[in-house]
Amino acid sequence: MMTKKKPLILRPYHKTSYAYEKLRICKHCRFFTVLWEDKCANCGRQALIPVMQQARIQAKHSMQNERLIALLMTLAAVLFSQTFLQIILSLAGGFLLTGLLWWVQRKTVEPETRRQLDKLLRSSERRIIEGIYMNLTTASAAIKDDEQLGYEILREMATIVRNDRIRLQQIMLLQSFALRKDMDLTLEPLMIEDFEPALAEYIGELAKIKRELIKHQAIRYVLRYEREILEMKNGSRILALVAGAAVRMKTYVDAYPDFILRYVRQMPKDRFLRLYRLVRRHPDQPWNGLRNEVSALYNEKYRWDPEFQNWE
Amino acid sequence: MIAYGCLGILFLFIAIKIAVYFHRQKKAPSPEDLDETLLEIANPRGDRA
Ligand SMILES: [Zn+2]
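Protein chains in written order, with the numbering used here: chain C, 35 to 346; chain A, 6 to 54.
Think of the hints as simulated: they come from the structure by calculation, not from any bench.
A hint or two may mislead.
[Unchecked claim] Below are the BS3-like pairs computed for lysine-lysine, each with C-alpha atoms no more than 27 Å apart in a straight line:
no., chain 1, residue 1, chain 2, residue 2
1, C, K94, A, K32
2, C, K153, A, K22
3, C, K94, A, K22
4, C, K153, C, K141
5, C, K94, A, K31
6, A, K32, C, K141
7, C, K153, C, K94
8, A, K31, C, K153
9, C, K153, A, K32
10, C, K141, A, K22
11, C, K141, A, K31
12, C, K38, C, K178
Small disclaimer: the values here were computed from a predicted structure and weren't measured.
Turn these sequences into a full structure, and let the hints steer you where they fit.
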């Protein structure tokens, strides 16, 4: 895969606490979308609002209707009053009760909104799927002439659509870009179960430019498919890079000493230095032979290296 | 007397509504429930991980 990689600046991804915060609905035609377009793709109007906002409107609307009914009953009581005292009592009682209802409503707006959103989602199942399908069509059209936009669309879709196909598409697109440290990259949401060379390559690339993303899940993935990765053209390099990223924390050395041992000799110097310092800091840990191997390699190659001398 | 009858009905209406609101408040779905509902709709055939 020595195709030319494109340099680019990815737009930042706004992570939301909940997936439904990404979903918007058209107030006019009730079409759903996950993307950030201004106009509804179905009716062309600028009427897209977050589903939560729509649910709140519905909740407040039904609350308003109830207050209206209460006021109408008050009015009826006033109209049927036969004495001035009855009018006063009807007005006072009616307003007091309506006020009480209003107070309770204000206190329960949030749970009512969530209840309305639940109703909205469950009653719109088909339209939500249609909206997602439309968004995916937009994505595949975008991929053809603007891969970056295509990736950004897929990244947005992936908050709601979770399957290996959309993950793999993102990985493929990422692999066609020249990735940089300052990019807003992720790994965990893209992890797939099966062996996929593109994912292995992507993990290798991250191990080089964004080590902090290499965690247990990624290490376990390369371990599970170590044989397959070794059959890839630069497979052993990928594994050495991942092992090099793993030595940044003691937890990973504790968990995967055998794996690190297998690739310690292919690690870049700065990663070996990191491992060497870690080993020196923990004199009581044999790490399944890793400690001996580190000492041996140090004696062979780095004994006279000044960087290895002043390590504290 | 009809005026008091109206007020009585209003009282009942409000009492029931308030009881319903507090009952729903207890049973309202959490944001996590809503997320799950949406993900189930968006990923049919159980092909999500
Ligand atoms: Zn519309």
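Results for each hint:
no. : hint             : in the structure
1   : C:K94 to A:K32   : holds, 19 Å
2   : C:K153 to A:K22  : holds, 19 Å
3   : C:K94 to A:K22   : holds, 14 Å
4   : C:K153 to C:K141 : holds, 20 Å
5   : C:K94 to A:K31   : holds, 19 Å
6   : A:K32 to C:K141  : holds, 15 Å
7   : C:K153 to C:K94  : holds, 15 Å
8   : A:K31 to C:K153  : holds, 16 Å
9   : C:K153 to A:K32  : holds, 13 Å
10  : C:K141 to A:K22  : holds, 13 Å
11  : C:K141 to A:K31  : holds, 13 Å
12  : C:K38 to C:K178  : holds, 17 Å
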